[in-house]
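For the protein sequence lines, the chains are Y and W, in the order given.
Count the first sequence with our numbering and you get residues 1041 to 1153, in order.
Count the second sequence with our numbering and you get residues 7 to 120, in order.
Treat the hints as calculated values from the structure; they're not laboratory data.
Keep in mind that a hint or two might mislead.
To be verified - Computed list of chain W residues with no C-beta within reach of chain Y, every gap over 10 Å:
(1) F40
(2) G47
(3) Q48
(4) L50
(5) Q51
(6) T61
(7) F69
(8) E70
(9) N81
(10) V87
(11) N106
(12) I109
(13) G113
(14) L116
(15) H119
(16) P120
Unchecked claim - Rough simulated footprint, nothing fancy, chain W against chain Y, three-plus residues with beta-carbon under 8 Å:
(17) 1085-1094
(18) 1111-1117
(19) 1126-1134
Beta carbons: idealized from backbone N, C-alpha and C, even for Gly.
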Amino acid sequence: KAGVTQTPRYLIKTRGQQVTLSCSPISGHRSVSWYQQTPGQGLQFLFEYFSETQRNKGNFPGRFSGRQFSNSRSEMNVSTLELGDSALYLCASSPSGGDSPLHFGNGTRLTVT
Amino acid sequence: AQSVTQPDIHITVSEGASLELRCNYSYGATPYLFWYVQSPGQGLQLLLKYFSGDTLVQGIKGFEAEFKRSQSSFNLRKPSVHWSDAAEYFCAVLESGGYNKLIFGAGTRLAVHP
């Protein structure tokens, strides 16, 4: 089975721009979660989607948004980029939730200049 | 609020030596606990998980962890470390009712000397 696929692997953007990151979950997995990883704040939960519905959201500003499509693929969008948004963005999938472990992709490294 | 503490930021061990990485959590009920490993430039790989039952959990790559409720700990162990184990290790707890919201510790970076 193919793992979680995130595209692109690397992105360089300028302050004020917006960016869209993509995540394809493991086949059959209906839950997709997003995490931000930075040296200062560590790993922080952004949001989780299941069957195209956002079930949970972390403590991030409204500039961070996401969506999930009917095939479970997910995208996250960051508008009006700030330097502090530079991070590794990780996507994880699981069959449903609760006691199903998360399977992580290799992430998208976003650099904001 | 639930939290996870990994007291050791960096640990260095010699190849072949034993390893123990510490993890403490705060949560009233029985937690769902995980250990993940991250190699440079990579995502997180699940090493093992604890949901209930036997408090000694076996994982991949020869790792094991022991859940101790009395100490609120979930320490990761390996009897003999290999150079390829050099990576960053994260302990995490599933937030109650959180729909796949994991709360991570700050991580422990492991270096292995030949």
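Status of each hint after checking the structure:
no.	hint	verdict
1	F40	violated (7 Å)
2	G47	violated (8 Å)
3	Q48	violated (5 Å)
4	L50	violated (4 Å)
5	Q51	violated (7 Å)
6	T61	holds (17 Å)
7	F69	holds (15 Å)
8	E70	holds (16 Å)
9	N81	holds (19 Å)
10	V87	holds (23 Å)
11	N106	violated (5 Å)
12	I109	violated (8 Å)
13	G113	violated (7 Å)
14	L116	holds (16 Å)
15	H119	holds (24 Å)
16	P120	holds (27 Å)
17	1085-1094	holds (count 3)
18	1111-1117	violated (count 0)
19	1126-1134	holds (count 3)
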